[in-house]
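Fit chains B and C to the known structure of chain A by using the hints.
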Amino acid sequence: MRSEYKLIFERSHAGRKGYDLPKLDVPELDSLIPSDMQRTEDLKLPEIAEIDLVRHYTNLSRRNFGVDNGFYPLGSCTMKYNPKINEEMPALFSDLHPLLDGDMAQGALELMLDMDKALCEITGMDKFTLQPAAGAHGEYTGLMIIKAYHEMRQDTARNVIIVPDAAHGTNPASAVMAGFKTREIKSNPDGGVDLDALRAAVGPDVAGLMLTNPSTLGLFETNIKEIANIVHEAGGLLYYDGANLNAIMGIARPGDMGFDVVHLNLHKTFSTPHGGGGPGSGPVGVKKELIPYLPYPVVMSHHNGPAVLDYDRPLSIGKVKNFFGNFGVIVKAYAYILSLGGKGLREASENAVLNANYVFHHLKGIYGVPHDRICMHECVIEPGELLSLGVHTTDIAKALIDRGYHPMTIYFPLIVHEAMMIEPTESESRETLDEFIAAMRDIARVAKENPEALHEAPVNTPVGRPDEVMAARKPIVKYED
Amino acid sequence: MKSYVPNTESERLEMLNVIGLSSMDELFSDIPDALKLDRDLNIGDGMSEAELRRVFLEYAKKNSSLPIFRGAGAYRHYIPSVIPHLLSRSEFYTAYTPYQPEMSQGMLQSIFEYQTLMCRLTGLDVSNASVYDGATAAAEATLMMRDAKRKAKILLSLGLAPDVRATIKTYAHAAKIEIVEIPLDNTGRTDIEALRENANGFAGAIIANPNFYGNLEDMTLLTNTVHELGGLMTSYVNPISIGLIKRPGDYGADIAVGDAQPLGMPLMFGGPYCGFMCATQKLIRNLPGRIAGQTCDKDGNRVFVLTLQAREQHIRREKASSNICSNQMLCAIMASMYLSVMGPSGMREVANQNLQKAHYLAEGLSQIKGIKLRYENTPFFNEFVIDLDKDVIAVNAALKAKGYVGGLRLNYYGGNDNGMLICATEMNTREEIDGLLAALEEVMR
Amino acid sequence: MTPNDRYYTKDHEWILVEGNRAKIGISDHAQDALGDIVYVELPDMDATYDAGESFAVVESVKAVSQIYTAVGGRVVEINEALNDQPELINSDCYNQFIAVFEFENLNTNELLTAEQYEAFVSEG
Chain A
297 MRSEYKLIFE RSHAGRKGYD LPKLDVPELD SLIPSDMQRT EDLKLPEIAE IDLVRHYTNL
357 SRRNFGVDNG FYPLGSCTMK YNPKINEEMP ALFSDLHPLL DGDMAQGALE LMLDMDKALC
417 EITGMDKFTL QPAAGAHGEY TGLMIIKAYH EMRQDTARNV IIVPDAAHGT NPASAVMAGF
477 KTREIKSNPD GGVDLDALRA AVGPDVAGLM LTNPSTLGLF ETNIKEIANI VHEAGGLLYY
537 DGANLNAIMG IARPGDMGFD VVHLNLHKTF STPHGGGGPG SGPVGVKKEL IPYLPYPVVM
597 SHHNGPAVLD YDRPLSIGKV KNFFGNFGVI VKAYAYILSL GGKGLREASE NAVLNANYVF
657 HHLKGIYGVP HDRICMHECV IEPGELLSLG VHTTDIAKAL IDRGYHPMTI YFPLIVHEAM
717 MIEPTESESR ETLDEFIAAM RDIARVAKEN PEALHEAPVN TPVGRPDEVM AARKPIVKYE
777 D
Chain B
37 MKSYVPNTES ERLEMLNVIG LSSMDELFSD IPDALKLDRD LNIGDGMSEA ELRRVFLEYA
97 KKNSSLPIFR GAGAYRHYIP SVIPHLLSRS EFYTAYTPYQ PEMSQGMLQS IFEYQTLMCR
157 LTGLDVSNAS VYDGATAAAE ATLMMRDAKR KAKILLSLGL APDVRATIKT YAHAAKIEIV
217 EIPLDNTGRT DIEALRENAN GFAGAIIANP NFYGNLEDMT LLTNTVHELG GLMTSYVNPI
277 SIGLIKRPGD YGADIAVGDA QPLGMPLMFG GPYCGFMCAT QKLIRNLPGR IAGQTCDKDG
337 NRVFVLTLQA REQHIRREKA SSNICSNQML CAIMASMYLS VMGPSGMREV ANQNLQKAHY
397 LAEGLSQIKG IKLRYENTPF FNEFVIDLDK DVIAVNAALK AKGYVGGLRL NYYGGNDNGM
457 LICATEMNTR EEIDGLLAAL EEVMR
Chain C
8 MTPNDRYYTK DHEWILVEGN RAKIGISDHA QDALGDIVYV ELPDMDATYD AGESFAVVES
68 VKAVSQIYTA VGGRVVEINE ALNDQPELIN SDCYNQFIAV FEFENLNTNE LLTAEQYEAF
128 VSEG
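Line by line, the protein sequences give chains A, B and C. Counting the first sequence from 1 gives a position; the working numbering is that position plus 296. Counting the second sequence from 1 gives a position; the working numbering is that position plus 36. Counting the third sequence from 1 gives a position; the working numbering is that position plus 7.
If you're looking for bench data, these hints aren't it; they were derived computationally from the structure. Quick caveat: nothing in here was measured; it's all calculated off a predicted structure. Please note: incorrect hints may appear among the correct ones.
List of simulated lysine-lysine pairs, BS3-like, C-alpha gap at most 25 angstroms [said to hold, decoys possible]:
#1 A/Lys413 - A/Lys423
#2 C/Lys69 - A/Lys770
#3 A/Lys477 - B/Lys205
#4 A/Lys639 - A/Lys413
#5 A/Lys770 - B/Lys334
DEER-style ranges, computed between Cβ atoms [said to hold, decoys possible]:
#6 A/Arg358 - B/Asp66: 38 to 44 angstroms
#7 B/Lys334 - C/Lys69: 28 to 34 angstroms
#8 B/Arg232 - A/Arg358: 54 to 60 angstroms
#9 A/His599 - B/Glu412: 43 to 49 angstroms
Note that CB positions come from ideal geometry on N, CA and C, so glycine has one too.
The shape of chain A in the complex, shown without the other chains (with noise of 0.2 angstroms):
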């Protein structure tokens, strides 16, 4: 079972060939670089056959584990089922150059906008761009967003973003690289935010709120117009992490809570695949008195005219990156959100819900549990008496792999020690979700019969717990021959 596995470089033999080009059908001139900006020595890349190249990335994937493989309950993550025929769309896009001239690129700019129409419908929200690239890229561009508007007013005292100690730590990643302080704020017993907290932290200093919702303790925040009162009133805005969007969608939207910017994430709450760790997509969507500081260009249409990109944006914060964003991504969260419309998404959310309350139900008597009520798309589960026979929440994770199961998330949220936390999705079915109980289960009982034996896990994999601290003392990151 346990093997290491050959790389690239590995396979690699002198003169084998995996390419072809048709020939150049242009005479060939010699000089046209100067010599001494010539590269004189071959690059030293791997040398191998077609077949090779095959092999190695079949059995490459063979050692990776997707949602398709099997239940993948990360937690704040998203982990659903990704429709394969939205995998196929993108392909009618795939040479489209970028800076066409409008016209000749009318379909894509009326699909950007179509998508902006159908997140707008689905937040609550006036207008969105679709350039950021991820959640946290989404997080960067809202906040350059209130940053903006806060500078346009000459309000530029207001330097603080609020930001639970509950978030994700992103939050407080992204609001410093916006150039912000941050000033973390103490959750309440129910993992939601402490109103006096918040009212003591606000102020002519704060620029505005981060706030998830459905925290992340999956617990929705049930006094949410009143936190929105306290920031607007104090002259700060409310931002929206779409982390956990999936809860909500149909049922509840971030744009009548009070929320001013909201990020989503394609890739989690939209179906679009991780990839792996990406592409992802991170629309931002505001309020109408924020559009004009969106990135440029923004994608619009003039009375129903054609779809076209106005670049000529004064108050914009500028460009976050090349072009408009992932559109490949874009199209297949678009495709996704036409597949189901406005009743199939509601029906997704509601699933996901009912899942998580499912499987939370089942493992209450089992393990701890930090709040015991009704979550919402996710739930978070510590070792309770297990810790006690030296069982810790890596522990658990690394047996769940034994048993062909992804982990949750493990130590997140920090406000929980110990914390698991679980998100199924609507995907799964209930006896996915059983299969996933009984192992939960069983993985107690092995843990106060023979702890010993879970600290050994996993034991099924082609390789065993890496030592992560040579790793990280000596690290080795590319391959020397």
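Frame of chain A, contents of chains B and C only:
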């Protein structure tokens, strides 16, 4: 309506009953009634696959499929069939970040190979697992140089693409970094005297090669100059050009960034692409984003993990140097596959075809009355600027009527530059080039 | 045992004063809480810091800790051995300083003795 929820109505009801509820609505009792949407979302009733295909085909039909002579940061190259086929392995594309190394060795080894390939391509010591695109890679390099030198001033060559400069400026504004733009001289290359004059107190410079106008810069001289002035050198490169020209590491650059799109990624109306970032060993801790490293498991097997994670946002939170928490993994794998299948000879051959075709096109254009190469004596790679006697917008419109997408008008961002940035790659056949030349001959008459 | 020849802070640094110089390192409690230390970001020689400022960073695989100086002054020595062997802090934290500061004034009001520090740690 299409649904991807497997559970039937009756299974859902049973599950609700198990948890002591009788309706879906009760799951949402925490949400105040006033906030609940009292209607269906107005985004249609859903569609079958067949209907969906028709809708997307309608969008696609409204786009041009004419032969193009346009680059400017996004290039049409041949993508070997093996790449999209292998990329469709859903063990890769339906996975998330390899946080559990025991079940993610495929992805982690792929990152490690990508890093190695990019180091060999750029001639530098270390690479990250990629960032969003070339523009954000350049923006992150700006922050890296600031942190490494603890100086908040960066010089940008005006030879960087407008989008790249604009993105850097957005990031620099937030980070309170002073950006000074260095103009080009009349050969279309970074003005080295202007660079010297503005270097006081700078952390480093970012210079594109080939630059946005296609011109090859004297990177050895520029790098030596930047180093003499005490700064770090970031080189923004087109990876295909390295098939022929010196690598950033060969001329001593400290950081190399760029967009890996030409390495096997389709144009796709601008994304997803892939930003690469490589640096000298000294700068490894300043490198943002994910990095895979090699280690062992307890049986001594070679194993790959994400490493140096303490630099990253999920641990450092507000102290992190970047907020990035993903990479463009699938795109990075495309680049890896491209470099692996092309190998040393393929990279040289594809680069040479680009060079030769662009020069054949340039030679033809220079014969047309009313067209002049703007930087006649400057070496270029696969694109270059021409000046026209006629209005560039009118010329492109006339070309479109004759079935060609001409070069990019340089006033697309506004301004009044009547030039055209024109590109040829290995994808433009001689027949196509001759056709464009004939069409332009008529248009310019 | 917590050596009683030096001061401690509530951020778990120790400060050993020798004339107008202060050696600063981290306590046994701190190294234990961090776990296997993989990297120490040392300050530059001659850099100056105010009291209370962060001057170094200690990283383990999955945690990171800022190290603060309780003494304002100039860095006159750094422990370069930590560049190659950051694990020295794990094995011998009280003999492995991170940096030495030269100071003009030292305010010990906020600092803890070994006994006070042990009491502080055991209170949790």
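Run the structure past the numbered hints and jot down the numbers of the failing ones, going up. 7
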